[in-house]
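Trainee: Since chain L is already given, all that's left is putting chains R and V on it; use the hints.
Chains as they are written, first to last, in this note's numbering: chain L, 1 to 501; chain R, 1001 to 1305; chain V, 2001 to 2335.
Treat the hints loosely; a few may be bogus.
As the list claims (entries may be wrong) - Partial pick of chain L residues on the chain V-facing surface, computed with a CB cut under 8 Å:
#  : residue
1  : P76
2  : Q80
3  : A88
4  : L91
5  : S92
6  : L93
7  : A94
8  : L97
9  : D101
10 : G106
11 : F113
12 : A306
13 : A307
14 : I319
15 : R320
Unchecked claim - A partial selection of chain V residues facing chain R, derived with a Cβ cut-off under 7 Å:
#  : residue
16 : V2122
17 : Y2137
18 : V2138
19 : N2162
20 : V2260
21 : H2292
22 : D2295
23 : T2298
24 : V2307
25 : D2312
Since the hints were made in silico from the structure, they are not lab data. A quick note: this is a predicted structure, and the numbers were derived from the prediction, not measured. Built from N, CA and C at the ideal position, the CB exists for glycine as well.
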Amino acid sequence: MPDGPPILAVEGVTKRFGPNEVLKNVTLSIGAQEIRAICGENGAGKSTLVKVFTGVHQVDGGVVLVDGKPTAIPSPLHAQEFGIALVAQELSLAPALSVLDNIWLGNRKVPLFHRRKELREQARAALEKVGLGDLPPETPVSQLSIGRRQLVEIARMLTRDARVLILDEPTATLSDVEIERIFSALRALKSEGKSIIYITHRLGEVFEICDSVSVLRNGELVGTRPTAEIDRGELMRMMLGRSLGEMYPKWTNMPGKRMLVVEHLSVPGIVHDFNLAARRGEVVCLAGQVGSGAIEALRALAGLVAAATGNVTAMDQPIRLRSVQRAQRAQVQFISEDRAGEGVFLNLSVAQNLVANCLGLHSRFGMLRHGDLREAAAKLATAAGVDLARLRSPADELSGGNQQKLAFGRAISGDEPGVLLMNEPTRGVDVGARAEIYRLIREFCDRGYCIVMASSDIEEVLGMSDIIVSMYRGRQIATYRRGEVNQQQVLADITHPAAAA
Amino acid sequence: MTKRRIVIGIRIVTIAAIAVFALTTPGFTSPISINALLNAISFIGCVAVGMTFITLTGNIMSLCLGATLSASALIFLASLSAGILPAFVLALAFGIIVTAAQGLLVGYFRANPILVSIAGLSLLIGGADLATGGQRIYPGGEGLQVFKGRIAGIPVEALYFFATVVIGQFVLSFTRIGRVMTMVGSNARAATAAGINTAAAITWAYVMAGACAAVSGVLLAARYGSGDMELGTGYDYTAIAAVLVGGTAIQGGSGSVVRTLIGVTVIAVIEVVLLLRGFSQQLQYLITGLIVLAVIMLHTIGERR
Amino acid sequence: MIAHAFRSLLAPTLRPFTIMACAIILLALIDRGHGYFFSVGTIFSVMQLFATFGLVALGLGLSMLVREFDLSVAGIVGLAGCIAVMTGVENPWLGVVLGVGAGLVSGTLQGLIMTRLHLSSVGVTLGGLLTLQGITYVLTENKTISYPNIAVALQLNEPLANLLSVRSAVALAVFALAAAVMTYTHIGRDVIATGSDRRASRIAGLNTDRVVIGVFAASGMAAGLAGVLLSYSLGAASPIALADVLAPAAAAAIVGGVSVVGGRGSPLGIAAGVLTLCILRSGLSAIGVAPHVHDLVTGGILIFIAVLDAPDLMRRITTWRLDRAERQAAAENQT
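Chain L on its own, in the form it takes in the complex (with noise of 0.2 Å):
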């Protein structure tokens, strides 16, 4: 590593929101040529982290030093000046517009009226570091798959002259090609003096990628190791600040009679041919990447695909497809993995929420029974573990954790225990809501519930679930039992699964 001063640090730093202290004295530095992961659970301060070197944020206490100088970064125009480059997890390209438009959006130094040729020309230069060379620029990027999108918002960092490259989450949504593609990219950029900062869930690409890894726990720094000199299980203690076992509740599972049987579900260029069969009393996971289609048959089940074909029976009724209401006849119920977006009425109150999918229940002649409602909002909050004084807040003043708690207390308002359905259910969830989501999920499988859930996280697929089934780009990989599998094979399975066998 070359000397000279880190080229951005922090000291000392302090973030507040309200009463809540997200970063607790923080202190760590990025040299140059350095690719630096951050690790951390959700909740832990990476973001937070993010946005004060993006210039989103002003810290609360501290410095924030830019090439060793006590610097301030007040907004994300002066981040861009100091050469600080960000790629979001939610991608920053307008999908209206090309991939050479994206590249330049937002750039400072772009003349009013460009000079197509060497605009052409310097962006052809940055796709083609990213893999990306024969992509024609005049490409609407609405037509780009997510992973190519990822790779057009590197190239755009690229003609900005970037020194420090923050990438959030960058695989998350990416097939292993795409995934090597990337990591080439960035081991060119380093190689041309540029410093990285990683932030990833994925230890394996900690391992594979980054020079060193600097972990997060509740806002504060655990510490900052090179990558050679830790193993993976060090790691995980580093990052959860204790072992893996008590985040999973144990049970004695005994499964009852099959509540869902499964037969060809297909939606055309998004699953093929899936087929399943599950009991009550039991959980099954879907183990698959994004892309992989495990959410999308989710989603077909619970009747929210207009393409879905394919034969369901539940509760020994067979029940079409296509329609949330007939899914919901048969009791079969979804917890959608777009909180914010499909799961949650965030200005309506709690208990509005509560029992929004049971209305019907609770209604004579079309009029709607307050009092029942009340009373059903109350025995929901309980069984899912909602704070019962908070029933008349608006849906949008609870934490991620408990908007989820939420939706599964609406999930289970129907009259009568079925079928749950869950995409990723901890997704964007702290590590103290996960055990209490964890404890939920089986607990509604003693009362007699069936549990199909998606997820891409190998370890809480492995720590719920009765039986687990890979998926890989649309179609079904292998199924275990619980104990018939490790992680390795998992995820091997659910990100190059062997071509034949």
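Mentor: Here is chains R and V on its own, set in the frame of chain L:
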């Protein structure tokens, strides 16, 4: 929590200020001015109640409720020869059909509501011109008295308006479909995932809007004794202004008919007060416009975008 | 093959021109060679209408590009017209400057309120509309103001090369300028990006507030210019001159390919949309068709576009088709 209290506080203070301003105006409490107030509120109020349903379900506004009002009035006048009740029912049915068709497009296909309302406006104007040849329509029979005059000193229009308000708010607060409308406006995707028939909810919201516009049309036809398509000009803007001044959110999911009642009353009171205090009509217009702008701004500060 | 050609002609970028072509063909057919439609007089009246509505449609269309809606255009047209008529008697150019300036100020103010206070454009421009109309009423004392400078009125409407007038030429020039700016400068990209995904554009480093304010300022100026030209050419200005201009302008922009939810559209498309509606109106009346046909046809076209662009159209069709197939299969299984 505190932010919410501040917002409610501002609203109460604003209404109180307006009330004080009104009550200290000489002549405000005189029968003539109360009458004028009630009249102003009733006609525009019905349309505003209807507009509330459209806004509440997340469909922003309709630009053709005024035209629906006019067309229903024409139908009412023309069918008076068949009797008061049939004429009223026909007018109502017409208003409902016109808006329900729009509601179906917006609900089932998620067609853009503003675009659909502009299309509806064109079709209504063209259709009316085709049917009437541009002529004024006069009553085809007796019976207009039912919809004008007074009962116990209160203008009949006001009674019809209050009935509309009561029915509208009842639907919102006590029926399942009313609650569903609010949920659809709050988050249409979540409503679908919750098993709600969002298309039906939106269609019903448009049906309410059409019915309310038709009622207003009948009342106006009765008052003026004749009608043409100019009857409802400008009503759409005043109606949505009343909805927004009342505090219903433009993006939907939050609001009520009672709030719209307050909004209509506030605007009408301001107009009457300005008139009584001797402001010229021009200044009335300007000051009302400024106050509407100010109140809309006040509402959204402290809320989400 | 034909289906593919059909679909690409109806794709949003080409659609305005396809519709315009259809309108022309339709009218030519109805005309049946009588020559009422394809006459110089008709083209002139089409362009005069274009001059009246076109600039307003351009301004409104620009605001729709960034996913907003400028309800106040009618108010700006009225105010600018009245200001121009009142101040431009001696020096017409002064009236132009002040009228367009009023539009600029009103647009900028509304844009500032919208962006700084995070308000939706519907509420702000509605209040703006009422306020602008109020100001106009106060300035004119609720009367129609006449514009004694007849020379200007005549000059504005004098035919150039028999097809255009100064008014329509100015309108065309403004469209050309807008098209050039949108195509050859990054402003065009920024506007489309802001409308396409404002959050993403902001993260990418674009000052979306400035883009929105700029769009509303431009919309205000365009509407202001429209008001000035109209009042000058009519020789009079009244507070309610073009009070109903919103619906036709929005219709023109939408027929012109502008998407109401932003991120799609162009000045050339808007021009085609305006021309289509003007051709329908002038052409139909030139042929002697009753005016209601124009409204009905416009309404029909708008419904067509509304359904075509409806996000859930394909979903519903797919679901309906699959449901029907399943029902048929079930019926066959029983027999």
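Trainee: All hints are to be evaluated individually against the structure, with a verdict given for each.
Mentor: Okay, the hints, checked on the actual structure:
1. Interface restraint check: P76/L against chain V, minimum CB-CB distance 6 Å, threshold 8 Å, status holds.
2. Hint status for Q80/L: holds, given a least beta-carbon distance of 6 Å to chain V, under 8 Å.
3. The restraint placing A88/L at the interface with chain V holds, with a minimum CB-CB distance near 6 Å, inside the 8 Å limit.
4. Nearest Cβ of chain V to the Cβ of L91/L: about 7 Å, under the 8 Å cut. The hint holds.
5. The closest approach between the C-beta of S92/L and any C-beta of chain V is roughly 4 Å, which is under the 8 Å cut-off, so the hint is satisfied.
6. Of the supplied interface hints, the one on L93/L holds, with its beta-carbon coming within about 6 Å of a beta-carbon of chain V, less than 8 Å.
7. A distance limit of 8 Å between C-beta atoms decides the matter here; for A94/L the minimum to chain V is near 4 Å, and the interface restraint holds.
8. Look at L97/L: its Cβ gets to within about 6 Å of chain V, closer than 8 Å, so that hint holds up.
9. For the restraint placing D101/L at the interface with chain V, the shortest Cβ-Cβ distance is roughly 5 Å, inside the 8 Å limit, so the hint holds.
10. Here the hint on G106/L is kept, as its CB sits about 3 Å from the closest CB of chain V, short of 8 Å.
11. For F113/L, the suggested interface contact is upheld, since its CB lies about 6 Å from the closest CB of chain V, less than 8 Å.
12. Proximity of A306/L to chain V holds as hinted, the smallest CB-CB distance being about 4 Å (cut-off 8 Å).
13. With its C-beta approaching chain V no nearer than about 5 Å, A307/L sits inside the 8 Å limit, and its interface hint holds.
14. The beta carbon of I319/L is not positioned within 8 Å of any beta carbon in chain V (closest approach about 11 Å), and the interface hint is therefore violated.
15. Hint on R320/L holds. Least Cβ distance to chain V is approximately 6 Å, under the 8 Å limit.
16. Among the interface hints, the one on V2122/V holds; its C-beta lies about 5 Å from the nearest C-beta in chain R, closer than the 7 Å criterion.
17. Using the Cβ-Cβ criterion of 7 Å, the hint placing Y2137/V at the interface with chain R is satisfied: the shortest such distance is roughly 4 Å.
18. Because the smallest distance between the Cβ of V2138/V and any Cβ of chain R comes to about 4 Å, under 7 Å, the interface hint for this residue holds.
19. At a threshold of 7 Å, the smallest CB-CB gap from N2162/V to chain R is about 31 Å, leaving the interface hint violated.
20. Residue-level restraint check for V2260/V holds (minimum Cβ-Cβ distance to chain R is 5 Å; threshold 7 Å).
21. With a cut of 7 Å, the hint placing H2292/V at the interface with chain R holds, because the nearest CB-to-CB distance is about 4 Å.
22. With 7 Å as the threshold, the beta carbon of D2295/V comes within range of chain R, its nearest partner Cβ sitting at about 3 Å, so the hint holds.
23. At about 5 Å, the closest approach between the beta carbon of T2298/V and any beta carbon in chain R falls short of 7 Å, and the interface hint on this residue holds.
24. Satisfaction of the interface hint for V2307/V is found here, the shortest Cβ-Cβ separation to chain R being roughly 6 Å, below the 7 Å cut-off.
25. For the restraint placing D2312/V at the interface with chain R, the shortest Cβ-Cβ distance is roughly 4 Å, inside the 7 Å limit, so the hint holds.
Of the numbered hints listed earlier, those contradicted by the structure are 14, 19.
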